[in-house]
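Q: As a plain string of letters, each chain reads:
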Amino acid sequence: MNERTMTEEQHFEQMIEEESICINDNIVYDKPETLTDTPMHYCPGCGHGVAHRLLAEVIDELDIQDKTIGVAPVGCSVLAYNYLNIDMQEAAHGRASAVATGIKRVLPDKFVFSYQGDGDLAAIGTGETIHTCNRGENILIVFINNGIYGMTGGQMAPTTLPGMKSTTSPNGRDIITMGNPLKITELIAQLPGTYYVTRCAVNTPVNVRKAKMALKKSFEYQKENKGLCFVEIVTNCPSNWKMSPLESNKWLEENMLPFYPLGDIKKPTN
Amino acid sequence: MKKEYVLMKGNEALAEAAIRAGCDAYFGYPITPQSEILEYLSLNANERTGMVVLQAESEIASINMGYGAAGAGKRVMTSSSSPGMSLMQEGISYIACAELPCLLVNIQRGGPGLGTIQPGQADYFQTVKGGGHGDYKLITLAPSTVQELVDFVDLSFDIAFKYRNPVMILADGALGQMMEKVLLPEQKERIKEVPSWATVGKSKDREKNVITSLSLDPHHMEEINLQLQAKYRQIEKNEVRYEMTDCDDADYVIVAYGLVARISQKAAHLAREKGIKVGVFRPISLYPFPYEALNKLADNVKGFLDVEMNAGQMIEDVKLSVLGKKPIEFHGRMGGVIPSPEEILQKLEEKFAGELV
Ligand code: SF4
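Line by line, the protein sequences give chains A and B. With the numbering used here applied, the first sequence corresponds to residues 1 to 270, in that order. With the numbering used here applied, the second sequence corresponds to residues 1001 to 1357, in that order.
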């Protein structure tokens, strides 16, 4: 540590001691109340942490912490209930939207959302996803799409891109033998039961803000009993894509987003 | 108070009992021979009590909807028949581990595979020994009349909430389909209290509630298992149910549950007409199994005949009860075939041929 930084540090400490700057008016960044103090287990640079924070911010801003019940999936975000300070249920693999249906049907005045990855929502849980959307359950489904199975160590997901490498498509996804990536968001947007279907990302500050708006709108629609809202968030998985967080965001921009274009897929009509 | 006797089909009577027990939600999927439950509830249960009735896209969805609603602290029921129950096993394991009270009903049919739509009892192992993964137990009640099918609904909800454990009513297709005279219970109010553990939205004055079956720390997971086991020991102490018919002076005792126990009572009657002293031991709670009572009974009889509509499943528990004190013979019919009283008596005579005079 050289002398200059020491001085800066000392100066900073002095300022804090004086508490002159520690006043509410000066706060530009704060931890939402709906986020717990538990350190997240997500890998550095992973989009899950951002998505969690956005949910927490929105729940705080709408002041619905005491009325919200979340459903965590099986996958990297299986422990989401450790990070969100709301009542939550942990569902079996793929069944989060059925569990959310059960909760919402008996607590119609509460806010209910499921938070699911691509393997959970678009492979093992496809049936539940489609039928929950088709029934138009008045819930929010947050769909985290990073094109890979994160928790089990990087296997091919239903949303893995053509040619994309994974531990079970080591030479790249061959669509002839392994099938095509499933654009489930476009698929469920066709169903009359869905009200608002959109695709976001959290790779840039602008996209983060848009994703937050989508989540907020969804809870507002839920309050008005509008029907099912579906927010896909295209994210990265630096660990299993075997990239640095920066590289993964670049790769996401160049490969994922052209295949999974951002924007509203189904705009609210009334 | 005027007693309300009606003639009702088993499945419909059970559905009516669920409405009257103040059930909050039912999730189901059609499968023979129990579709009348879903049909009956779809008719007007919601109008009558506000109960949620929802036809799911599969048994997998219905059991998981049940998980969600039970986690919200509600009185929840789902039902199915054997193949559908197989699909529910994953969900049941989660429900048991997350300690959610709920009522499951299996109107069994003959298996394995798609099997038949006729009655069977071949899901005993699946139900009592744990059809899903992991060490868990389902409290299991086996009715032998339509009246019991009705009475066990409210009882099951009470037990389920008392122990925060799923309870299974294990019946068979004949009981579900047959019409009998039943006394219906009075309409109960749906319960308004919210259990302290339910996920209904975290108010400022309490910690969040989490319904989960997961712990990545093996020592903590073992702790959860030990707590479950301690609960099961309590259940084994408090919830054993059985019925003995003409066992006091019996030389031979037929052990059977559900519908087969009723047929066996008729067989015992026929035996007594021939001068053979036969009684019937009917386990009502299949888990917890009445080991002690049956063990005691073994001191006073010459032998047992276990009768089931399967290849011999409950007989393992009968053996664990009798512990070699007396011989145990078996007679089983499979694939949806119901044994007749005469046939059971004939088997009893054959098996104990040397002793009967
Ligand atoms: S494995 Fe991938 S998705 Fe999972 S936490 Fe790590 S970076 Fe995120």
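It should be emphasised that the hints constitute simulated quantities derived from the structure, not laboratory data. In this text the structure is predicted, and so the values were computed from the model without any measurement. No residue lacks a Cβ here, since even glycine has one placed at the ideal position from N, Cα and C. Careful: at least some of the hints might be erroneous.
Said to hold, decoys possible - In silico lysine to aspartate or glutamate, EDC-like type, Cα no more than 20 Å apart, as pairs:
| hint | chain 1 | residue 1 | chain 2 | residue 2 |
| --- | --- | --- | --- | --- |
| 1 | B | Lys1208 | A | Asp66 |
| 2 | B | Lys1319 | B | Glu1292 |
| 3 | B | Lys1208 | A | Glu8 |
| 4 | B | Lys1192 | A | Asp66 |
| 5 | B | Lys1204 | A | Glu13 |
| 6 | B | Lys1204 | A | Glu57 |
| 7 | B | Lys1208 | A | Asp63 |
| 8 | A | Lys110 | B | Glu1207 |
| 9 | A | Lys212 | A | Glu61 |
| 10 | B | Lys1204 | A | Asp60 |
| 11 | B | Lys1208 | A | Asp174 |
| 12 | B | Lys1302 | B | Asp1249 |
| 13 | B | Lys1208 | A | Glu13 |
| 14 | B | Lys1204 | A | Glu61 |
| 15 | B | Lys1347 | B | Asp1251 |
| 16 | B | Lys1208 | A | Asp109 |
| 17 | A | Lys31 | B | Glu1207 |
What the hints assert, rightly or not - Output of the computed footprint for chain B on chain A, the stretches with three or more beta carbons under 8 Å from beta carbons of chain B:
| hint | region |
| --- | --- |
| 18 | 155-166 |
| 19 | 186-196 |
Q: Hint by hint, note whether the structure agrees.
A: Verification of the hints:
1. Taken as a hint, the B/Lys1208 and A/Asp66 pair is honoured in the structure, with Cα atoms around 9 Å apart against an allowance of 20 Å.
2. Between the alpha carbons of B/Lys1319 and B/Glu1292 the distance comes to roughly 12 Å, so the proposed pair stays at or under 20 Å and holds.
3. Between the alpha carbons of B/Lys1208 and A/Glu8 the distance comes to roughly 42 Å, so the proposed pair goes past 20 Å and is violated.
4. For a cut-off of 20 Å, the pair hint linking B/Lys1192 to A/Asp66 stands: about 18 Å separates their Cα positions.
5. Between B/Lys1204 and A/Glu13, the direct Cα distance comes to roughly 34 Å. Violation of the 20 Å bound is thereby established for this hinted pair.
6. Between B/Lys1204 and A/Glu57 the alpha-carbon distance is near 17 Å, which keeps this suggested pair within the 20 Å criterion.
7. Distance hint between B/Lys1208 and A/Asp63 is fulfilled; the C-alpha atoms sit about 16 Å from each other, no more than 20 Å.
8. Only pairs whose Cα atoms come within 20 Å are accepted, and A/Lys110 paired with B/Glu1207 is accepted, the gap being roughly 18 Å.
9. Of the supplied pair hints, the one linking A/Lys212 and A/Glu61 holds, its CA atoms being roughly 11 Å apart against a limit of 20 Å.
10. Distance restraint check for B/Lys1204 and A/Asp60: the Cα-Cα separation of roughly 13 Å lies within the 20 Å cut-off, and the hinted pair is therefore satisfied.
11. Our distance criterion of 20 Å between C-alpha atoms is broken by B/Lys1208 and A/Asp174, whose separation comes to about 45 Å.
12. About 11 Å separates the Cα atoms of B/Lys1302 and B/Asp1249, which keeps this hinted pair within 20 Å; it holds.
13. With a CA separation close to 36 Å, the supplied pair B/Lys1208 and A/Glu13 exceeds the 20 Å bound.
14. Restraint check for B/Lys1204 and A/Glu61: the C-alpha separation of about 16 Å stays at or below 20 Å, so the hint holds.
15. Taking the CA atoms of B/Lys1347 and B/Asp1251, the gap is about 15 Å. The hint holds against a cut of 20 Å.
16. Annotation: proposed proximity of B/Lys1208 to A/Asp109 holds, straight-line Cα distance about 18 Å (limit 20 Å).
17. A C-alpha spacing of about 18 Å is found between A/Lys31 and B/Glu1207, which places the hinted pair at or below 20 Å, so the restraint holds.
18. Check on the region 155-166 of chain A: 0 of its residues sit with their Cβ under 8 Å from a Cβ of chain B, so the three-residue criterion for coverage is violated.
19. Against chain B, the region 186-196 of chain A contributes 0 residues with a C-beta closer than 8 Å to a partner C-beta. That does not satisfy the three-residue criterion, and the hint is violated.
Of the numbered hints listed earlier, those contradicted by the structure are 3, 5, 11, 13, 18 and 19.
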